[in-house]
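Trainee: As a plain string of letters, each chain reads:
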Amino acid sequence: MSGNALTVEKLTKSFGGITAVSNVTLHIGKGELVGLIGPNGAGKTTLFNLLTGVYAPTSGDITAYLGEQPKSMRGMPPHKISRVGIARTFQNIRLFSDLSVLDNVRIAMHNSIEYGFAASFFHTKRYFEKEAQIKEQAIELLGIFGLDKKTDELARSLPYGEQRHLEIVRALATKPEILLLDEPAAGMNQSETLELAETISAIKSSYGLSVFLIEHDMSVVMSICERIYVLDYGVLIADGTPEEIRSNKKVIAAYLGEEKL
Amino acid sequence: MRMFLQQVVNGLSVGSIYALIALGYTMVYGIIKLINFAHGDVYMLGAYIGYFATVYLPLSFFPALLLSMVSCALLGAIIERVAYRPLRQSPKIAVLITAIGVSLLLEYTMMYFVGAGVRSYKALLPTDTYNVGGVIFGFQQIAIIITAIALMAVLQFIVLKTKMGKAMRAVSIDADAAQLMGISVDRTISFAFMLGSALAGAAGVLVGIYYSSINPLMGTMPGLKAFIAAVFGGIGSIPGAMVGGLAIGILETFVAGYGSSMYRDAAVFFFLIVILLAMPGGLMGMKRTEKV
Amino acid sequence: MFKAKNIAAVALLAAVYTAIKILRLTGIFGSYHEITIAQICINMLLACSLNLITGFAGQFSLGHAGFMSIGAYACALIIIRFPSVYGFMLGLIAGSLASAVVGLAIGIPTLRLSGDYLAIATLGMAEIIKVVFFNLKITNGAAGLMNIPRLMNWEWMFCLTAGSVALINNFINSRHGRACMSIREDEIASQSVGIDIALYKIAAFAIGAFFAGISGGMYAAYFYVLKPGIFGLLKSIDILVIVVLGGLGSISGSIIGAALLTLISALLQDFASLRMIIYALMLIAIMMFRPQGLLGTNEISFALFTRALKRESAK
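Sequence order for the protein chains is A, S and G.
With our numbering, the residue at position 27 of the first sequence is 27, and numbering never jumps.
With our numbering, the residue at position 231 of the second sequence is 1231, and numbering never jumps.
With our numbering, the residue at position 285 of the third sequence is 2285, and numbering never jumps.
Derived by calculation from the structure, the hints in this document are not laboratory data.
Small disclaimer: the values here were computed from a predicted structure and weren't measured.
Misleading hints may appear alongside valid ones.
Simulated DEER-style distance windows between Cβ atoms [what the hints assert, rightly or not]:
(1) G2296/G / A186/A: 23 to 33 Å
(2) L1066/S / A56/A: 28 to 38 Å
(3) V1082/S / S223/A: 52 to 62 Å
(4) D1174/S / L2199/G: 29 to 39 Å
(5) N92/A / L2199/G: 22 to 32 Å
Glycine is no exception: its CB is placed at the ideal position from the N, C-alpha and C atoms.
Start from the sequences and build out the full structure, keeping to the hints where you can.
Mentor: Here you go:
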């Protein structure tokens, strides 16, 4: 444990009269795998959208500790946040669906391997060198989920589970230090879910990532998360280890009738 | 001051014609989110129907207006049924391109049959003018403004007080939910096209009387300007389209009157770009955000 | 693999060039045919540059003729004063740069717009440009510029078009081109992987406008006469029809579409309104039955053929 990767201070977001996220304070340690759970409509995805700049917070602050200096990300546009080192997947898959699997990953490497406009018009030596690197690294990343055999297929022609995998690969291709996963196991069966949970843990350690994970499948959350935050009606109602959360009265009340813990 | 008031009078008469056309854009856009590029050409056809009805039948003003409105309503329904309905689930760009196609088809089919030349309306209404304190009111101008206001009042009644109007409002808010409530979405969309096209047909006859000359390409510019009027008023909003139409009419006559008529069209487009940037929702529009 | 593709492309170009040259030398192709070839070149470049904006970056533009007109007028004004090859080169560069600057000027304020609003805004910009040319003294208003020296022949045009299309194609097959495509696919996802979508929207407009400017310059230096009316909404729609017919997002589609439609309109030139009726019906029919155009987003290449073969054998 070497300090925090990300801290969130009193973060609030309201849409008109509705407060979707209210006064949330949390932190993700470097190399930590943290879960975020809560009933439907609790504001989990909104919190992710705030962390990645899709929405600007109404108040509060988000700070990343990834470079030399801590960096406040309040009001930063999404593409800059991505450059700071935060990547995400989407709950309702948002792949570049009419592009190939390989292109989906290559696009995400936009900022990690660069060359200028002139090189792109004239296909200089630098272009070929960099493109070769991009392709090599993209295929290596696709190998994590065995997608390296499907590089030329269109993203939308992939089966559902593989689309979720591709979203994770695309996020990894931005070379993040913090990975936000929004329900990565949604719609998967039991064995696929277990496999995914193992892969997430493996990715986390091999790439030295901090992971923040929204998930409805409690078996995943309880088995791989080191700590869990619970959100209900936009308010954090609990945090702690899986064991603590399992026996927390407030959490049980929030979930009553919805899921058994 | 006299010049100023004169421009206002002229602007209001052109503007009320734009407002009638703009209503069709705004209703259709409100319901199926489509810029019906062919709408300006329905207005052109309305002008021609009025022309043929008064020259060959020969009908007087009101029967010709009615005939033009009914024919345009039918035409609008046919266009929707044949060209737009099959594409309702297609990407937006596909529908927009189809709309451009329908517009070109109407213009050049018309040109093929009636020739590219200009035709002149005969004087359907008295050409008397009244001088009130130096400001000149034409009988035609007054008739145009009154006709336009009456038609808008009828429209407002249909939209607010009738069952079909209620269905239109429901479909524009949420088509799927309206369908579940037992509203026929297809019929409602058809109805909106008919209403809008009837008003465009009326505008066509009025403009024929006002400028007394018509041609197959006359619909393009007023069509675009009426669309701009609808955007300015807040697309989807019926009162917005009325206000927008009048505003564009006045803007245009002022630019032509005080500046140069050469810059009239440019001024309107410039105005559009300013609105789109400064208040994309328009005067009375709503803003929608995308769910992530 | 890159090499093989390039050799094939150069070989194809050389073959087409030689074929036209032979036909021209033997007199089978007269000056009427040469004019058609020139028009095909101009339309190809216009279509490819619009495809970059609309087909690849997904930004619907109905004002492409406006960009073309800036290139055309700038080039014409320069070569009238310096009627030489150098003057032409200067005119071409000045025209395409001016056009690119206007592309920037249009790209920046319309950034927040999309879809049909953007279409109307670009249409409006092109109309404004047209009105300006109508009213400027230096462009001689509605009468336009006449007796522009002809400094182009079909061979020059062929090379300029081939070179420009190759540059556009190179751009598309690069990290910058892919960034443009990701905007078309999903703006939010695109931003989430670090792409500055504002930058690339503007870049697409500026680059598209630049090449439209070149085609305008070619037009000015070949057809003697420029009038603002040439560059109206109909011309913009003409270009859009080519792009849509060929396939939004396919350069080879635009090339084939330009050749096809220019030939059709050359054949129908004595029946102007019939031509437009056919255009209109074609637009509607394409959208109904093959909205992806002839080629969709595919490019004609050997890879496409082998993929198609594989698909067949898989059945």
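Trainee: A separate judgement is required for each hint: does it hold in the structure or not?
Mentor: Against the structure, the hints:
{"no.": "1", "hint": "G2296/G / A186/A: 23 to 33 Å", "in the structure": "holds, 30 Å"}
{"no.": "2", "hint": "L1066/S / A56/A: 28 to 38 Å", "in the structure": "violated, 54 Å"}
{"no.": "3", "hint": "V1082/S / S223/A: 52 to 62 Å", "in the structure": "holds, 58 Å"}
{"no.": "4", "hint": "D1174/S / L2199/G: 29 to 39 Å", "in the structure": "holds, 36 Å"}
{"no.": "5", "hint": "N92/A / L2199/G: 22 to 32 Å", "in the structure": "holds, 26 Å"}
Checked against the numbered hints given earlier, the structure breaks only hint 2 and satisfies all the rest.
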